[in-house]
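S.K.: Letter by letter, the chains look like this.
Protein chains: 4
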Amino acid sequence: MTRARLETFADGVFAIAATLLIIDVAVPSSLEGPLGSALLHLWPQYFAYVVSFATIGIMWVNHHRVMQQLERVDEPFVFLNIGLLLCIAFVPFPTRVLAEFVRTDDGNAAAVLYGITLIVTSVFFGSVWLYAAYGGKLLHPDADPRMVSGITRSYAPGVPIYTAAMLVGLVSAEASALLYGLIAVFYMVSSATFGRAGE
Amino acid sequence: MTRARLETFADGVFAIAATLLIIDVAVPSSLEGPLGSALLHLWPQYFAYVVSFATIGIMWVNHHRVMQQLERVDEPFVFLNIGLLLCIAFVPFPTRVLAEFVRTDDGNAAAVLYGITLIVTSVFFGSVWLYAAYGGKLLHPDADPRMVSGITRSYAPGVPIYTAAMLVGLVSAEASALLYGLIAVFYMVSSATFGRAGE
Amino acid sequence: MTRARLETFADGVFAIAATLLIIDVAVPSSLEGPLGSALLHLWPQYFAYVVSFATIGIMWVNHHRVMQQLERVDEPFVFLNIGLLLCIAFVPFPTRVLAEFVRTDDGNAAAVLYGITLIVTSVFFGSVWLYAAYGGKLLHPDADPRMVSGITRSYAPGVPIYTAAMLVGLVSAEASALLYGLIAVFYMVSSATFGRAGE
Amino acid sequence: MTRARLETFADGVFAIAATLLIIDVAVPSSLEGPLGSALLHLWPQYFAYVVSFATIGIMWVNHHRVMQQLERVDEPFVFLNIGLLLCIAFVPFPTRVLAEFVRTDDGNAAAVLYGITLIVTSVFFGSVWLYAAYGGKLLHPDADPRMVSGITRSYAPGVPIYTAAMLVGLVSAEASALLYGLIAVFYMVSSATFGRAGE
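As you go down the protein sequences, you meet chains A, B, C and D in turn.
So the first sequence is numbered by this note's numbering: it starts at 1 and just counts up by one.
So the second sequence is numbered by this note's numbering: it starts at 1 and just counts up by one.
So the third sequence is numbered by this note's numbering: it starts at 1 and just counts up by one.
So the fourth sequence is numbered by this note's numbering: it starts at 1 and just counts up by one.
If you are wondering where the hints come from, they were derived from the structure by calculation, not from laboratory data.
Just so it is clear, CB atoms sit at the ideal spot from N, CA and C, and this is done for glycine as well.
Some hints could be false.
[As the list claims (entries may be wrong)] Part of the chain A face toward chain B, derived, beta carbon under 7 Å:
#1 G33
#2 L39
#3 F53
#4 G181
#5 V185
#6 M188
#7 A192
[Stated by the list, open to error] Residues from chain D that face chain A, not an exhaustive set, calculated with beta carbons under 10 Å:
#8 T19
#9 I22
#10 F47
#11 W60
#12 V61
#13 M67
#14 Q68
#15 L70
#16 V73
#17 S154
#18 G158
#19 I161
#20 T163
#21 L167
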């Protein structure tokens, strides 16, 4: 397996998972009242679409940053990546559930499902990186040690902050959804800063 | 992040967003009368499919033209691109709404939604280019200044003409839809001419 | 625009259009009788899936053969390709309609719709090639003249045979559907032979 | 046809088929009881999603291993690959049927359909490889004979074990589904070992 073909496959899954999110944004088939107000009331759908698209986009940027440090890939690394991509391709499902139920009495379960998905994804992301950097010894011989430890540090907060947002979901689905959005913004800002400092 | 991997991801989103449009072209499940006439009455669906596919195709050509001028990409540029791709992947939704409602009393809201989507997309497209050319200094050192100012000029009319077409949608959804189609034709012709002159 | 990026985008649309066909193969939601016999009665769905997937696959092979002869691409060629891809991405719709209606009284309209789609696609395919080879002068200087005239000849039968199969559809939808399948087989065999002789 | 473009198209179909699986994971539209328990009762959907995603992922790894041994591709090889990709793009359909019916009286038919799909896919996979290695003489002149015979051996168990799992489906759909999952795990482990030994 070459790095290039793994990247092609991964880029495909990232791009498709992100683009499929729009399938679930839909006007209710039994429309009551004018379309204009129905479109305005769809804001949880738009919000969920933007947060999940941005989250997948950030993960794609991170995946690229990992791949750039590698000299080669091996079979266990490829299968860890398939596990990671399995999680990312799963994201449209909790997104759809969150968008549909966030304003209902069932919102808590939806917010928790969304959180669990991102926690498992974070675990796989961490595993992919830890295996590449330490277990499988796949790094370029001349990979910058500060960059390597910087990436390792950048994975540390993933599980705790998604767990916190998920626990908030037990109390308030709306607050939890808002946190998922803020986490995406936080990652985007820190990633842009990281890129600036590290490249 | 390399230019090549950003292009792969972007090409994926453009291709998927355009191809997903066909999912929304459908014969009504409760068919009244013969299929032949039902298929003929689907013309707003066909029209919306063609206009949105062409619009996404033109944006893909423009995106390529921008990328060709760049020496490198940086993190803010990548995140601006994710925002742009988020808008392009959104296009199937207003397309579906416009096709379904253009001939109904709710057509105005559908036409306005379609217009707003393309206005926001144009704003992101302009931001991507202005950041690349002026803010982020990502251009090739030997980029042709006439090409650069030609691209800058070519983005100027986007927001005004989509705003005009959207405002027409407040009065007549059909006229607005027709304008979206004409704008696509106009862009296709001017892009072909631009390419001729600039390359 | 480079040949490589046009190929990436085209390959994406071909692959997505072919893979989306499976979305329309579905067990009726109100299942009467055992699942086993329902699955057997879905044979028009399977047949339509196989014929359309094979047809798109053959077109992808042909598209590659055209691209291989080119030294460069220009803007009008790119826009002709967007038109061609618009047709190919449209194929899932007539496939779905044909699979659903071929055994009903509305089968004729479905068979005609399928035929018209492939006729228009053939026209665009011919235009793409004729422009590349003769109008736009995009060929490699050292393109083999026998290969070039061989490709030109291979496009000649497309419109007549799809028109014939469509006209048969006015009388019998089943016979028409069978012809679409036979045409795919014929193209596959002649393409394999062509490849053998020409390479 | 170049090896590279066949890989791009194949990677696209693999990635899309795997990512489309999530469309079929859905909360019932008429929800009875709380969402939380409905999400828990969806476990056959999650299980089917994971098994099919992993199965497609493993096939993608195997496809890559085959392609790596080739010096060139020819037209019959390309058409065998289109047949293989047709099978892989079909996988979302039996996955959806299995997930929906595994716990019902119709589970047996669903398990058999899933098995037949994977048997036919295995036959195509074997044909692709046997043609490349022996019929079409497409291998690199310096391909490692032990690698070549290792790949040939690795295809031998495919049809028998999927046939066995399918036959179990005649008696118990759940047991059959469990076997499909175990086969995926077995392939993943043996593939990782194979890669270790062979590279």
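S.K.: Now, for every hint given, state plainly whether the structure supports it.
M.R.: Hint by hint, here is what the structure shows:
The restraint placing G33 of chain A at the interface with chain B is violated, with a minimum CB-CB distance near 10 Å, outside the 7 Å limit. With its C-beta approaching chain B no nearer than about 6 Å, L39 of chain A sits inside the 7 Å limit, and its interface hint holds. Look at F53 of chain A: its Cβ gets to within about 5 Å of chain B, closer than 7 Å, so that hint holds up. Annotation: interface hint on G181 of chain A violated; nearest CB of chain B at approximately 13 Å, more than 7 Å.
Hint on V185 of chain A is violated. Least Cβ distance to chain B is approximately 11 Å, over the 7 Å limit. At a threshold of 7 Å, the smallest CB-CB gap from M188 of chain A to chain B is about 6 Å, leaving the interface hint in force. A least Cβ separation of about 4 Å between A192 of chain A and chain B falls short of the 7 Å threshold, and the interface hint therefore holds. The beta carbon of T19 of chain D comes within 4 Å of a beta carbon in chain A, closer than 10 Å, and the hint placing it at the interface holds.
Contact between I22 of chain D and chain A, as hinted, is supported at the beta carbon level, the nearest pair being about 5 Å apart and thus within 10 Å. Because the beta carbon of F47 of chain D sits about 12 Å from the nearest beta carbon in chain A, more than 10 Å, this interface hint is broken. Checking W60 of chain D against chain A by beta carbon gives a least distance of about 6 Å; that is within 10 Å, so the hint holds. Hint status for V61 of chain D relative to chain A: holds, with the closest Cβ pair at about 6 Å, below 10 Å.
About 8 Å separates the beta-carbon of M67 of chain D from the nearest beta-carbon of chain A, less than 10 Å, and the hint is met. Of the supplied interface hints, the one on Q68 of chain D holds, with its beta-carbon coming within about 8 Å of a beta-carbon of chain A, less than 10 Å. A hinted interface residue such as L70 of chain D counts as satisfied when its beta carbon comes closer than 10 Å to some beta carbon of chain A; here the least separation is about 14 Å, so the hint is violated. Checking V73 of chain D against chain A by beta carbon gives a least distance of about 15 Å; that is not within 10 Å, so the hint is violated.
Checking S154 of chain D against chain A: minimum C-beta separation of about 13 Å lies over 10 Å; hint violated. Of the supplied interface hints, the one on G158 of chain D is violated, with its beta-carbon coming no nearer than about 19 Å to a beta-carbon of chain A, more than 10 Å. Taken as an interface hint, I161 of chain D does not check out: its beta carbon lies about 20 Å from the nearest beta carbon of chain A, beyond 10 Å. The restraint placing T163 of chain D at the interface with chain A is violated, with a minimum CB-CB distance near 25 Å, outside the 10 Å limit.
Residue-level restraint check for L167 of chain D is violated (minimum Cβ-Cβ distance to chain A is 28 Å; threshold 10 Å).
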